[in-house]
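As they're listed, the protein sequences go chains L and Y.
The C-terminal position of the first sequence is numbered 521 in the numbering used here, with every residue numbered one higher than the one before it.
The C-terminal position of the second sequence is numbered 1042 in the numbering used here, with every residue numbered one higher than the one before it.
Think of the hints as simulated: they come from the structure by calculation, not from any bench.
Because the structure is a prediction, the values reported are computed rather than measured.
Worth double-checking, as some hints may not be accurate.
Only some residues are given here: those of chain Y computed to face chain L with a beta carbon under 8 Å [stated by the list, open to error]:
no., residue
1, 704
2, 728
3, 809
4, 873
5, 953
6, 1018
7, 1019
We treat Cβ as the ideally placed atom computed from N, Cα and C, and that holds for glycine.
2 protein chains.
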Amino acid sequence: MQIFDTTLRDGAQREGLTYSVADKLAVARLLDQFGVGFIEGGWPGAVPKDTEFFRRAQTELELKNAVLVAFGSTRKAGVTAAADPQIQGLLDAQTPAVCLVAKSDIRHVERALRTTGEENLEMVRDSVTYLKGKGRRVFVDCEHFFDGFRHDPQYSRSVVLTALEAGAERVVLCDTNGGMLPSMVTRAIGELGVDPALLGMHAQNDTACAVANTIAAVEAGVRHVQGTANGYGERPGNADIFAVVANLQLKLGMTVLPDGCLELMARVAHAIAEIANIAPDTHQAYVGSAAFAHKAGLHASAIKVDPALYNHVDPAVVGNGMTILVTEMAGRASIELKSRELGVDLAGQPVILSAVTQKVKDMEALGWSFEAADASFELLVRSALGEQLTPFTLESYRVLVEHREDGAVVSEATVKLRVRGERVIATAEGNGPVNALDEALRQALTRHFPQLSGLELADYKVRILAGSHGTGAVTRVLVETVDQSGRDWTTVGVHENVVEASWRALVDALSYGLSKADARV
Amino acid sequence: MQIFDTTLRDGAQREGLTYSVADKLAVARLLDQFGVGFIEGGWPGAVPKDTEFFRRAQTELELKNAVLVAFGSTRKAGVTAAADPQIQGLLDAQTPAVCLVAKSDIRHVERALRTTGEENLEMVRDSVTYLKGKGRRVFVDCEHFFDGFRHDPQYSRSVVLTALEAGAERVVLCDTNGGMLPSMVTRAIGELGVDPALLGMHAQNDTACAVANTIAAVEAGVRHVQGTANGYGERPGNADIFAVVANLQLKLGMTVLPDGCLELMARVAHAIAEIANIAPDTHQAYVGSAAFAHKAGLHASAIKVDPALYNHVDPAVVGNGMTILVTEMAGRASIELKSRELGVDLAGQPVILSAVTQKVKDMEALGWSFEAADASFELLVRSALGEQLTPFTLESYRVLVEHREDGAVVSEATVKLRVRGERVIATAEGNGPVNALDEALRQALTRHFPQLSGLELADYKVRILAGSHGTGAVTRVLVETVDQSGRDWTTVGVHENVVEASWRALVDALSYGLSKADARV
Chain L
1 MQIFDTTLRD GAQREGLTYS VADKLAVARL LDQFGVGFIE GGWPGAVPKD
51 TEFFRRAQTE LELKNAVLVA FGSTRKAGVT AAADPQIQGL LDAQTPAVCL
101 VAKSDIRHVE RALRTTGEEN LEMVRDSVTY LKGKGRRVFV DCEHFFDGFR
151 HDPQYSRSVV LTALEAGAER VVLCDTNGGM LPSMVTRAIG ELGVDPALLG
201 MHAQNDTACA VANTIAAVEA GVRHVQGTAN GYGERPGNAD IFAVVANLQL
251 KLGMTVLPDG CLELMARVAH AIAEIANIAP DTHQAYVGSA AFAHKAGLHA
301 SAIKVDPALY NHVDPAVVGN GMTILVTEMA GRASIELKSR ELGVDLAGQP
351 VILSAVTQKV KDMEALGWSF EAADASFELL VRSALGEQLT PFTLESYRVL
401 VEHREDGAVV SEATVKLRVR GERVIATAEG NGPVNALDEA LRQALTRHFP
451 QLSGLELADY KVRILAGSHG TGAVTRVLVE TVDQSGRDWT TVGVHENVVE
501 ASWRALVDAL SYGLSKADAR V
Chain Y
522 MQIFDTTLRD GAQREGLTYS VADKLAVARL LDQFGVGFIE GGWPGAVPKD
572 TEFFRRAQTE LELKNAVLVA FGSTRKAGVT AAADPQIQGL LDAQTPAVCL
622 VAKSDIRHVE RALRTTGEEN LEMVRDSVTY LKGKGRRVFV DCEHFFDGFR
672 HDPQYSRSVV LTALEAGAER VVLCDTNGGM LPSMVTRAIG ELGVDPALLG
722 MHAQNDTACA VANTIAAVEA GVRHVQGTAN GYGERPGNAD IFAVVANLQL
772 KLGMTVLPDG CLELMARVAH AIAEIANIAP DTHQAYVGSA AFAHKAGLHA
822 SAIKVDPALY NHVDPAVVGN GMTILVTEMA GRASIELKSR ELGVDLAGQP
872 VILSAVTQKV KDMEALGWSF EAADASFELL VRSALGEQLT PFTLESYRVL
922 VEHREDGAVV SEATVKLRVR GERVIATAEG NGPVNALDEA LRQALTRHFP
972 QLSGLELADY KVRILAGSHG TGAVTRVLVE TVDQSGRDWT TVGVHENVVE
1022 ASWRALVDAL SYGLSKADAR V
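Just chain L, with the same shape it has in the complex (with noise of 0.2 Å):
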């Protein structure tokens, strides 16, 4: 069974959503730990971004599962694949596979694509003979496949026998419009006549059934599923990966996954939500916070006996709980796992343990989640241990913002500081308010911390949680900083004042990074 992931690529059709390159290449790596087979991380030539991606994923991009799949067009009319500079877009990126996407439905060939059913038929040939020539794997998208094949069966057929003969490893059957259900996918299938082994399904969720069409067409035969992280995608989305991967695996008894990647579900779907900057949906099936929760009233007592009656699955075995409720990481097993993870060992010490579960459970009440921030998870569990990590006391700090009559927009911050027992004040300007105290908290320490200089800020999120009172509301600041070596970590800060909230973040990351380049010396 082929898992094919398109988060990157039609996941990134959603609404609002943008990702930088940094943040696909982190996705791909999550997506990869999680164990897909295959990652489609955009569409080279045709966005700058993508371009971009597939050129840093040459160097930076080590995939232990997954197989990179540039995605694009078949080939435009009138001219042959080679002299397409999209299809040599797709070259250029440099991957061992690439997605075409065919138009299937004759409707749209005729009237967007404004050619005829021949030619269309000779792009498709075309590009899959070129692009297998050249040494790639080749799926091919047949968009539309489901209107096209209830108007023009005929058709639509001739289509996905063109492209298998012209060497397409798998032709995928897309409801681009989403408006099947299981039973019109079975049926199509069925009638399609073509080797289902041979197919893939791509479904969106427009009546509710993507994950079901997704699963209908498994039981089908189909041997290739399209998903995305979360379900992100344009309208309401497409199959969630997740759901469609647990089900096959703890419902049709298929291995889909390599052995310990299903366990890794929960935390994987909560980083990419994150990273997406979308507030992870506390409901989604199997990996949400609440997918696994139990109003206490009746069955309390009975549950507690036997909470395999209450359950449809173990919520262990895709790496969520059964009474997280509103926290991440609630349970006292998790902090051990996670801390362990980071290389601290809290088995032995059963105090220090819940004195960190308890303080983690009253962050996380205030709006603290430490989910994609790592680093002041580690700090948190090293200072309960008793280690000394900030390298200064704050006396205080100012920051100001103008904007002057010139037009010219200018931030400047003063930081008063005790840094091994010496007073310092440092003022310096930034192109914004956290900038500016970023500049003149690294130009007071610099003096005695002179490792600070190969410290850069990489990345810096905000998120307004509780979001009924505007800028009232608390505000939580992930800032992810890099090393020289090219070492990462993030750290998180939260507070109803924007600038404080960036400030606890900044100095967790300063402190973080202190604190291992130490280590090395």
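We have chain L already, so just place chain Y on it with the hints.
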């Protein structure tokens, strides 16, 4: 086909959701308008608020389409139905129909209920017979039916048959733990061997298949479906009754609602979300505001010519609309379409259309995005048409954030403006820099524009773009504003400085609000 809504009973199990009695009455009225056949209002006797709801419903709830249903359980073991106070509570609710939950998994009978299989059957028989004798229509929910049927088909079947023999109008097969897939539902109903027209289906969404499972049951002959508004419910929720109804009516061609009701769907869905105090899911199938949104660009011209090729149903039939998102790949066609959607026709003004298209492209290259900020886009178009929309000119502003020695964090802003020829200076504090700026701006404008007091900041979102230079990157701010009539709009601001970006979004927010308030005068 019976459309049985349980928003107010099973749907209210959703984590964090609480309805007042007035809320429940309002939701019931909306569901009745929408045309469902049955409204399950709660559990009288067991839940005090539900007792009160049924009491008030007798005088305050006039239903046009729906039958009100009281939910309860079969009688306790070892007493007669007539002597069971919980059963009396059901009669006291004075509803034409009752729905009884019965255990149908022998393991739950023995381990949770702690009685025998035989006594459980007696409880079903006695309770149904008694309530029928009191003139009630009786439905029976077979809890944990599918898990029970897999474990011990004989026993689960005997519960179904006992309920039917005792006079239940429909016996509802419940996937209480939500672990089923459509094929499993189809198979179980076939193997059960009971006339499916006497059966109902109740699905939970734990495999992300609740809607599909419900449809599968109908395709297997079931003629009663349960669901909740927007899929609200415990864990990943229940079958979304809106998607179920739309699929039945638009995909399977069944008439399940009275004439004219389906087009109320989007409005009813959003109104119930408002009452439940849950942000409407913009990506919800059929009713989400993005359910028919298309990222324009490539296909915009084709969509304009032939929208039916790109929508699985006509959005108008479910009371929704097609939205064109203005994005990175925007062309003239989508700008024109979008303008028309906002009430500005650029069709006859090619020069202005070109200028706006170019301006949007240039701004998007700088990080602006109008796809979630219709109000800023409208201001841009109207200003290209020569309208003067910002009600002041800025001289300068200044924002100060201090973290003081005592730990207090304070924000203060001063703005200097020209308003209708007069120079105005105003200073205000806030709980963050943007809030302070918003307060100072309102203070400066309020004497000339008292309407401003009716505008409230409803949400504030921040996104850092091109995240390779940390806080030096460009910041995009989205501000959502709401006026006293509940009308809301979103504006955008972009700048490398988060405060200036916020300022721009705030100025647009107030300018747009004032222009609309003026238009109403």
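Going through the hints against the structure:
no.: 1; hint: 704; in the structure: holds, 6 Å
no.: 2; hint: 728; in the structure: holds, 5 Å
no.: 3; hint: 809; in the structure: holds, 6 Å
no.: 4; hint: 873; in the structure: violated, 26 Å
no.: 5; hint: 953; in the structure: holds, 4 Å
no.: 6; hint: 1018; in the structure: holds, 4 Å
no.: 7; hint: 1019; in the structure: holds, 5 Å
Violated hint: 4 only; the structure is consistent with all others.
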